[in-house]
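Peer 1: Following the hints, complete the assembly by docking chain B onto the known chain A.
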Amino acid sequence: MKSRFRPNRLPDPAVLDDYLPLIKSLERRGLIRGGISLGALAMLTGCDVERPASVEAALLAISRFNDKVQALLFNPNKLAPTYPASMILKPPKFNAYYDVMDVKPVDGAKWRLELSGLIADKRPWTIRDLQALPQRTIVIKHICVEGWSYIGGWSGVPFRTFLEYVGADLRAKYVAFKTADNYPSSIDMASALHPQTLLATEYAGETLADPFGYPMRLRTAVKLGYKNPKWVTAIEVTNKYPGGYWESRGFPWFAGL
Amino acid sequence: MWVLSITAALVAVAVTGEAYGQSATPGGMPPPTGMSLAESTAMRFPQPVRVGQLLHRDVLQPVESQNVLGTVREVVQDKSGTIEVVINFGGFLGFGTRPIAVPVDAMVLLGRDMEIVAYTPQQLQKFPTFMPSGSSRLPDDTIIKVGLAKPSH
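If you're matching them up, the sequences are chains A and B in order.
1508 is the number that my numbering gives to position 107 of the first sequence; each next residue is one higher, with no gaps.
12 is the number that my numbering gives to position 10 of the second sequence; each next residue is one higher, with no gaps.
Next comes chain A alone, as it looks inside the complex (with noise of 0.2 Å):
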C-alpha cells in the first residue's frame, strides 16, 4: 500500500549510492547504542559486580528502604513456626562461605565471649558461664537465601535473658558479632530481644559439634540462614551501623522471615 507521504516524482535512485556508506554508518552507531543500553541494563540484574558507582549508590539506597520497611513490618510479638523434635534434621546442613575441610575448630576450655559497646558488664563469659543462664529450646526451620530449608533444634540462653544480665542499652540499634572464622555480623536490637532468639550452645539436645559454631552460635527463627553467625567470639552492642561478610558483597541487612 503506498503512502500518502509518497512524493509524485520519486528521486533518482543513483543518489542511494552516494550516501549508501553514511546510512549504513547510522545503523553500526544505532546497535553500538542499543548494545550499550541492553548492556546497562543486564548489569542491573544485579549479576554483574563491576556497576557504575551510581548505579551501586542507588541500589544501595533501595536495599536500605526495603530494610526499612522490613523493621516496620516486623512484630516482635509474633512467634515464627516451630515443629515437633522428631523433625529435626541429624546431622544439620553444614554452610559457609568456604568448604568444611578448612573449618577451624574451637579450643572450648580457651573460649571467652569478649563483649563491648554499649554494655554496663563487659567480663568475658565462659562457655559454663552461658550454660548457668537460664535456656530455651526451639525446633524451627532454618532457611537459606539460596533457597535451600532445613528443621533444627537449637538450645541456649534467650539472648534477651543474656543482654539484660550484662546490663545492655536495650534501646540501642545494632548487636554485631565478631567469629571465629572472620565473618563478622550483626542484626537490629528488636530481633535480638525477640523470644525465638538464642545463643545457642546445642544442637538436638547435644553440644554443638565443630562443624555447626561451637561453642556458641546465634540462632534466630525470624532471620534468614546468613544472619546466624557460628563460632561467636564476640558481642557489640551498638549504634554505628555494623554491617557484615555478606552486607559488604551487596546482600540485603535486615534479611528478616
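It cannot be assumed that every hint is accurate.
What the hints assert, rightly or not - Chain B stretches covered by chain A per the calculated footprint, using a threshold of three residues with CB under 8 Å from any CB of chain A:
| no. | segment |
| --- | --- |
| 1 | 28-41 |
| 2 | 75-88 |
Stated by the list, open to error - Residues of chain B placed beyond 10 Å of chain A at every Cβ, according to the derived structure:
| no. | residue |
| --- | --- |
| 3 | Val65 |
| 4 | Arg100 |
| 5 | Thr131 |
| 6 | Met133 |
| 7 | Pro153 |
None of these hints come from the bench; they were simulated from the model.
Ideal Cβ placement from N, Cα and C applies to all residues, glycine included.
Peer 2: Here is chain B on its own, set in the frame of chain A:
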C-alpha cells in the same frame, strides 16, 4: 540488528551471571590425587547419622545445578568391612535405574540429601550393577559416620 544487540546482552549476562553464581571455594571437591577415600572423609568432619535417615535420600552431583544422580536404596557392609551406599542410579524420573554400590567415604551428607564427591557421573556409569550376595544390609538403627560438604550452588 536489534536481535544482535539483545543476543550480545544476553550472552554478557549469562557469562557474568555464571561467574558470580559459582562460589570462589566450591563445595564437594573430589579428594586430591593420592589421598585415600578414608582420609578425605576424615578431613570433612564426619558426623554420626542413623542409617534409616539415609534411605530414599536424593544423591546429588557436586555441581552448581546439583543434578540428581539417583536415590539411596540401602546401606550395606561387604565382607571386608567397607560400608557402601547402594544407589538406584541413573534412569529418568525413577524409571530404568540400576543399583550400584558406592563406598560411603566417596560421599558426603548435604542437608536432607547426599552427594558423591569422589566419582564423576561418567565413572559411576562404569560401576558394576550391585549384587546383594557378599554384602549384608545394615539395620536402620545403625549409626555410621559420613563426611560433610558445603552446598555446590
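Peer 1: Now look at each hint and say whether the structure bears it out.
Peer 2: To see whether the hints hold, each was checked on the structure:
1. 28-41: Our answer is that it holds, as 4 residues pass the Cβ test (under 8 Å) against chain A, meeting three.
2. 75-88: The restraint on the segment 75-88 of chain B is violated, since only 0 of its residues have a Cβ under 8 Å from chain A and three are required.
3. Val65: holds, 14 Å
4. Arg100: holds, 29 Å
5. Thr131: holds, 31 Å
6. Met133: Non-interface label stands for Met133 (chain B): nearest chain A Cβ at 31 Å, farther than 10 Å.
7. Pro153: It is violated; Pro153 (chain B) is separated from chain A by about 6 Å at its closest Cβ, not greater than 10 Å.
The structure does not agree with the numbered hints 2, 7 stated previously, though it agrees with the rest.
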